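**Q** Sequence:
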Amino acid sequence: MTMNAITALAHRPPSDLSISPLSAFSLSPAQTAAHNQIARILSASPAVTLLGTPGSGRTTILRRLAQDLGASYVSVKDFLVAASAGHPLAFEDGFMAVVVAAFAATPVVVIDDFEYLAVVTNRNMVRGAYLRLAVKRAFDMAVAESGRRLVVTAQPPGEGGYPPVFDVLADRSPIVTLTKFCAVDYSAILANTMGTERVATLDVLAIYRYASGLNGYQLRLVAALLAAQPAPTTEGVIELIARDVLHSNARTAEIEEISFDRLPGAEHMVEALETNIVLPLENRVLAQRLGLKPKRGVLLYGPPGTGKTTIGRALAHRMKGKFFMIDGSFISEPPAAFFEKVKAVVHDAKENAPSVLFIDDADVLFRIDHISGLVRYLLSLLDGLESETASNVCVMMTAMNARHVPEALLRSGRVELWLETRLPNAANRAKILALYAGTEMPSSEFINYPDLAEATDGFTPADLRRIAGDAKALYGYDVALQRPTRYATQYLQQAVANIIADRKRMADTLDDDGERNKKDGKYPVNTESCGWN
416 MTMNAITALA HRPPSDLSIS PLSAFSLSPA QTAAHNQIAR ILSASPAVTL LGTPGSGRTT
476 ILRRLAQDLG ASYVSVKDFL VAASAGHPLA FEDGFMAVVV AAFAATPVVV IDDFEYLAVV
536 TNRNMVRGAY LRLAVKRAFD MAVAESGRRL VVTAQPPGEG GYPPVFDVLA DRSPIVTLTK
596 FCAVDYSAIL ANTMGTERVA TLDVLAIYRY ASGLNGYQLR LVAALLAAQP APTTEGVIEL
656 IARDVLHSNA RTAEIEEISF DRLPGAEHMV EALETNIVLP LENRVLAQRL GLKPKRGVLL
716 YGPPGTGKTT IGRALAHRMK GKFFMIDGSF ISEPPAAFFE KVKAVVHDAK ENAPSVLFID
776 DADVLFRIDH ISGLVRYLLS LLDGLESETA SNVCVMMTAM NARHVPEALL RSGRVELWLE
836 TRLPNAANRA KILALYAGTE MPSSEFINYP DLAEATDGFT PADLRRIAGD AKALYGYDVA
896 LQRPTRYATQ YLQQAVANII ADRKRMADTL DDDGERNKKD GKYPVNTESC GWN
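Convert by adding 415 to the 1-based position in the sequence shown; the result is the number in the working numbering.
Keep in mind the hints are simulated off the structure, nothing from the lab. Quick caveat, the model's predicted, so the values are computed rather than measured. Treat the hints loosely; a few may be bogus.
Here are the computed lysine to any residue pairs in the SDA-like style, where the Cα-Cα straight-line distance is at most 20 Å [as the list claims (entries may be wrong)]:
id	residue 1	residue 2
1	K708	P719
2	K846	F675
3	K758	Q570
4	K887	P857
5	K595	L620
6	K887	I915
7	K758	P572
8	K710	S787
With beta-carbon atoms standing in for the labels, derived distance ranges [claimed, not checked]:
id	residue 1	residue 2	range
9	T474	T854	26 to 36 Å
10	T648	E560	53 to 63 Å
11	P899	T648	30 to 40 Å
12	D676	N863	18 to 28 Å
13	D866	V894	21 to 31 Å
14	P749	E560	44 to 54 Å
Backbone N, C-alpha and C fix where the C-beta goes; we use that ideal spot for every residue, glycine too.
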């Protein structure tokens, strides 16, 4: 292909590219822009590198370029086939053999999935050096003869920068980076599979606002799952994405399902979470109009048993596939394994944004010596959430004592929302007992919840839940032994008495002068408390 032909291709409008006979798939606007940018660069440079994440359409672009430029398309599979067994550097020799043959056939060669070459050789210094030399020779071949061109695709470099083999790319060719998909890209990719008529019935902008980080693989999965639906709706597509496409490391099916309206006394915290997290994440139209973003950091703090994790569970179900959890189960030796797990979860939270990253019992994790780097990592994470790509991730932490959270995390607006969980007052203790006691026990409609609330002064929501569970166990035991059953109030009163007796024995055993429990077996009372927690 002549330089005039490449120049003409570089300036073709997107509409011309969409009718390519390569396949039924048209390039999305982001892919079209990258395609045209590569063509413009090739009019002046012998080589160019295309960087893109998995699912961004690198192969689609490369195959379209191969067709439009009359180029040879090669991949790692071709190198493996060409590699002859018999000596340690067969793969590298196969690479050069394929490149030489490709240039002999066409003046333009495109190489897909170049990063896998680095995977093959990076663990061996000799092989890595040999491959670097082979890649350099491939670039030199493109430079040596007028009209030759080389296009390479790869994933962006990781945190450590370019592997040694990638240095050749960075040093010797301009780099084109595929941009993040927008709503128009969603529409184009879905139309490739579903057809433009079916996509026209959907509010693709609303779908994009709900899940703005989907890649091409995920969008094609959505289209395939919708194939059996004669008339898909926008709401149905969003529900499908939440259920089958987005993934969370917190499996909500395995977490007790509890909703915000089942947290008596937590109305002020629910309103704060709905206002500062859920609204900006779910109502993207209003959030964009008002310039709203979810809070970067939220701290839930309060005594043990006051419902911090329960609120996190409720938020997990509220956010569906948008909830990612880090807790004590991540602790491992060596420390590197812990941070690998944490980084993987953070990566997934960003990929599935808008999302919530929930760190349970953060104050406990901060005091574990061998993972002391967690504080520095979170500082970098919270500061980095100002960027456009990560601004829709909210980091929520729970702590029993806010004083044990490092000051560096709390200052400068990093943790912007503080929610204190307190002991419930009498009215809310009655509501919590009624919530968990249910109607399974005899005469449950006559339970005297106000009296039970007075008897449980200073109890936490966790204690109240235990009372209801213990009362049901006492009733169930009578039924199993075919003994006469009592009224529900009596079972609940016995459960309360048993817990008070347990607390008194614990206090007597510990002999801590009431620092953990008062001698009467009750917890310290916060008479000003009016919340769930």
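**Q** Within 20 Å, alpha carbon to alpha carbon, are K595 and L620?
**A** holds (15 Å)
**Q** Below or equal to 20 Å on CA atoms is what counts here, so check K758 against P572.
**A** holds (16 Å)
**Q** Quick check on a hinted range of 18 to 28 Å for D676 and N863, using CB atoms only.
**A** holds (25 Å)
**Q** Just to be sure I understand the hint, the distance between the Cβ atoms of T474 and T854 should be within 26 to 36 Å; is that true here?
**A** violated (59 Å)
**Q** If I claimed the Cβ atoms of P749 and E560 lie 44 to 54 Å apart, would that claim hold in this structure?
**A** holds (52 Å)
**Q** Hinted pair, alpha-carbon criterion (20 Å max): K710, S787. Please report holds or violated.
**A** The given pair, whose Cα atoms are some 25 Å apart, is violated under the 20 Å limit.
**Q** For the pair supplied as a hint, K887 and I915, is the alpha-carbon distance within the 20 Å limit?
**A** Between K887 and I915 the Cα gap is close to 18 Å, so the pair holds against 20 Å.
**Q** Is the Cα-Cα distance between K846 and F675 20 Å or less?
**A** holds (14 Å)
**Q** May I ask you to test the hint 21 to 31 Å on the CB atoms belonging to D866 and V894?
**A** holds (25 Å)
**Q** Holds or violated: K758 and Q570, Cα atoms, limit 20 Å.
**A** holds (18 Å)
**Q** When you take the CB atoms of T648 and E560, is the distance between them in 53 to 63 Å?
**A** At roughly 57 Å between Cβ atoms, E560 and T648 fall inside 53 to 63 Å, so the hint holds.
**Q** Within 20 Å, alpha carbon to alpha carbon, are K708 and P719?
**A** violated (31 Å)
The structure does not agree with the numbered hints 1, 8, 9, 11 stated previously, though it agrees with the rest.
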